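**Student:** Okay, here's what each chain looks like letter by letter:
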Amino acid sequence: MGEKDQYSDVLVIGAGIAGIEASLLLSKADRKVHLIEKTSYTGGTAIKFEEVFSNMECSTCMVAPRQQELLQDKNINLLTLAEVEDVKGSFGKFTVKIRKKARYVDMENCIGCDACFEPCPVSLKNEFEEGLNERKAIYVPCAGALPNVPMIDTEHCLRFKGKDCKACQEACMFEAIDFKQKDEQLELKVGGIIAATGFKIFDPEQVPQYGYGKFDDVYTAVEFERLYASNGPTEGNIVLKNGKAPKSAAIVHCVGRDKKGYCSSVCCMYSLKFNHYLKSKIPEIKISELYTDLCIPGKSHQKFYEKMKETGTDLIRAQEVKVDKQGEEKTITYNNGNKKDSLQADMVILASAIESKDDASDLAKILGISLDEYGFFKEEHSDVSSVITSKPGVFIVGCAQGPKNIQDSVSQASAAVGKILSLSK
Amino acid sequence: MERKIGVYICECGPNIAEKVDIDRVIDAVSPLEGVVVAKRYKLLCSADGKKFLEEEIKKHGLTHLVVSACSPKEHEKTFMEVCKNAGINPYLFQLANIREQCAWITDDKDEATKKAIRLTKAAIRRVRYHASLEKKEIESNPDVLVIGGGIAGIEASLQLTSPDRKIYLVEKASSLGGLITNFEKTYPSMKPGSDSIKQKIQDVNKNENIKVFTDSEVEEVLGFFGNFEVKVKNVTEEDKTVEFNVGAVVLATGSTLFDPEKTPQYGYKKFDNVLTSLEFEKMNISGKISLKNGKPPKSVAIIHCVGRDEKGYCSEICCMYSLKFVRYFMDKIPDVNVSNFYSDLCIPGKSHQKFYEQTKGKNVDFVRSSDVDVTKKGDKLGVQYKDENGSKSNLSVDMVILAPAIEPTSDAPQLAEITNISQGDGGFFAEEHEKLGPVSTSTEGVYITGCAQGPKDISDTIIQAEAASGKILSSLVPGRKIEPEVKTSHISESLCIGCKLCLSVCSYGAITFDEAKKISVVNEVICRGCGNCVAACPSGAATIKHFTFNQLYQEISEAVQ
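As they're listed, the protein sequences go chains A and B. The first sequence begins at 71 in my numbering and counts up one residue at a time. The second sequence begins at 516 in my numbering and counts up one residue at a time.
For the record, the hints were derived by calculation from the structure and aren't laboratory data. The structure displayed is predicted, hence computed values, not measured ones. Take these hints with a grain of salt, some might be off.
Claimed, not checked - A few chain A positions that, by computed beta-carbon distances, are all more than 12 angstroms from chain B:
1) E91
2) D156
3) K167
4) E200
5) K233
6) D248
7) E257
8) P278
9) D328
10) K330
11) E399
12) K427
Claimed, not checked - Covered stretches of chain A, as calculated for chain B (at least 3 residues, CB under 8 angstroms):
13) 115-126
14) 135-143
Where a beta carbon is used, it is the ideal one built from N, C-alpha and C, also for glycine.
Could you put the whole structure together from the sequences, leaning on the hints where they help?
**Tutor:** Dropping the structure here:
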């Protein structure tokens, strides 16, 4: 920074697409970046998608080069399994305490050969795959995760429960498994902070009429993304619980919108994308999209919708949607205008609202910023830049600030960098 | 020069060693011409491995390095760095991928070994034809040209300005501010719109590092990132032009409204009291909402999505500003009846639905409709429409406000040509990448912001202006040189037949035509090495450095032997 005794390093919280963009841009400006990521991997939610609207580009192919660049960037200090514990000071002079959990796998020695997974005797549901498949106690969340270094889940690893298991260590040819690693506490001095912590989706069990959690083959949007993903639990085969391909599917929009009180802005578009997913894998499938208002703003989106219309999908304006089960099939009843109607579907996909993360309020407290009435990080006011918070030097970007698509998240990330570079030149 | 090639094969722990007979690979490649050493190593990418390679290069006086290991994606950079540290040009190196392409794809050790031999031999053959490439550095000008003095241009200028960076802000109209000066309030905060911009205009005018040109147009932008030459013309005094140099260009030229005369069913310009949204904003800010006869309207219809079918996209902000109009009415003519004729309510984002809920009221109607028609009915206007169930209905109102689509300004094609960028969906300026490069373009150093890139609200416009600033502040630093791409295209003077095919396929404007010599010439500073011209060139005159025909031919012919 221009002024003496101010810190030029920047803290970026969250290594999703927004955090990656911010970090790479800051590095380009020769700023040192500390990029803090709670999970063991980078890429956030964007790497869960097989393709992105509206050009249907492969998401991994889009994000992976950026992740790779990030890992090789000498200005960027990526700290995975790390969380912010405390922030003191003001713009230009923040002191940040970070708690970094031990990975128990040496990042230098490990080459990512996966030899340690198989011998691990513990199996449990894989959170990254929305519980649709299993992982071991030593694992990477999915094939192609970056950094390609596994972590040990100490809650489930037998060794950390007092047993003398060292199956993974014995399998490793590179002496990369290190049970002696310890959690660390780090103190960083940074001039600015960018919070890019992302979102989670609304739990449809809170709206029981959709049958989520009650019936098989009722999926959330993220679960369905993983079902279609070539590196996902079914290697991209869209199948029902019984192993068969669905003959019909219903995509229900606006799930949880009434509860949340806002439109999540991306669901219509990704639901249309799902239509493409289904048709490309199962051309003869019958699809119904149940929506309230079609919200496809912007110059490129309607085109995508027009193309989808040609595929023969039923677009049904529907209220009071309810999912019931009759035998193998699910019956979906709804109001269309003034009349009641129903349809049958093998698979139901729920486009659930985007909401703030559970720990958003804790992090807001630590950062000294506030939450809005919906639980997202609150911008100072909506007429100036939406990345500015009430706390000078702390900026908010991406879905942590509010629901938005990748393009808008990336724009906000660059904008926050612009703010930091401009205010401290 | 005598070539001394060193070949090193990585065991990658058991990954390669167990699946490939490395000793057989070494035996196969050792006798090859120029190979002075061939060895195996446990893990070449490790700290010890890199040190080992560096020592080997020095010890044997190697001129070229071949490593057979993993994917170039993983470690090409690692080994190029090793070359640099050991004193050989990093481009005199080739990596053969014998892990992902041999060891990991078969259980047949013999097959894997055979293929590893082929790939390693091919890499050796190729590296013989490699040439040293050097990074160049060129001086850059940190100043920035901002075209358009609306909210986006003003925000960008204010954020970019500093004592060591001059901003040239060029505005077509006679004053700064753009469309927002017409808005009494902005949604969803309903805070003053025109007042907030006035303060910013003052800030711009006071700033001695921002040079403002009003009544002016950009006539010419030549050059490349870091070094653009700009010509600006004053439109009121035709012969008055100014020239200056900048390092980057921000296009913030805004948008205009679809002309509702093209959709005659809405009665625009045919009947009195049919206004566009902008005309209504202007009427509102002037202080009095009234009909042609001077009286306040008792009933109003706001028709959404005017021109949407013609344009083929949703303009994103019309639903929200229509709601804002309802608020204007609620404040000023509380007993007026307002009916919104809409198709789908598009109010994305966290704070908009609440605004909608708060806008509902007893005199406010939302009618989901299609096939809307406006006719004259005595003193009144008749709005005919099909309702949600397909039945025809109609409503008499005093005033009709149309929400026409947002479209690019009429000079967008000209500006795109001048700045060498393209127009994409809807004729708006095309971004470099829909997701990851929303404010960059195919021309490095030219950025697009606000509604010139696509329809958007004020908040998103400000974000894009700041994002473009972020891009410029990070890459165009006063006093710092810029490093152009090394692996650029080159067009041979003697082979070029002057067909100009390459000019049409170059996305970056890196190729010009030398009219005197009748040949194409690549500007290596602009070229990004995409290879389009190489593929298009019918005479084999265009080649990409480090991917020359000969290098590829040699590599492939060895691999398929």
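**Student:** All hints are to be evaluated individually against the structure, with a verdict given for each.
**Tutor:** How the hints compare with the structure:
Listed as a non-interface residue, E91 of chain A fails to keep its Cβ farther than 12 angstroms from every Cβ of chain B; the least gap is roughly 7 angstroms. At roughly 28 angstroms, the least C-beta separation between D156 of chain A and chain B is larger than 12 angstroms, which holds for a residue marked as non-interface. Distance to chain B confirms K167 of chain A as a non-interface residue, since its nearest Cβ pair spans about 28 angstroms, more than 12 angstroms. Annotated as non-interface, E200 of chain A keeps its C-beta farther than 12 angstroms from every C-beta of chain B; the closest such distance is 23 angstroms.
For K233 of chain A, the requirement that its beta carbon stay farther than 12 angstroms from each beta carbon of chain B is met, with the minimum near 27 angstroms. No beta-carbon of chain B comes within 12 angstroms of the beta-carbon of D248 of chain A; the shortest separation is about 15 angstroms. Taking the minimum C-beta to C-beta distance to chain B, about 27 angstroms, the non-interface status of E257 of chain A holds against the 12 angstroms cut. Non-interface status of P278 of chain A relative to chain B is upheld: no Cβ of that chain comes within 12 angstroms, the nearest being about 23 angstroms off.
At roughly 10 angstroms from the closest C-beta of chain B, the C-beta of D328 of chain A falls inside 12 angstroms, breaking its exclusion from the interface. Separation of K330 of chain A from chain B is inadequate, the least Cβ-Cβ distance of about 9 angstroms not exceeding the 12 angstroms criterion. For E399 of chain A, the requirement that its beta carbon stay farther than 12 angstroms from each beta carbon of chain B is met, with the minimum near 29 angstroms. The Cβ of K427 of chain A lies farther than 12 angstroms from every Cβ of chain B, with a closest approach of about 14 angstroms, so its non-interface assignment holds.
Figure legend: the region 115-126 of chain A, annotated as covered by chain B; annotation consistent (3 residues with Cβ-Cβ distances under 8 angstroms, at least 3 required). Only residues whose beta carbon comes within less than 8 angstroms of a beta carbon in chain B count, and the region 135-143 of chain A has 3; three or more means the coverage holds.
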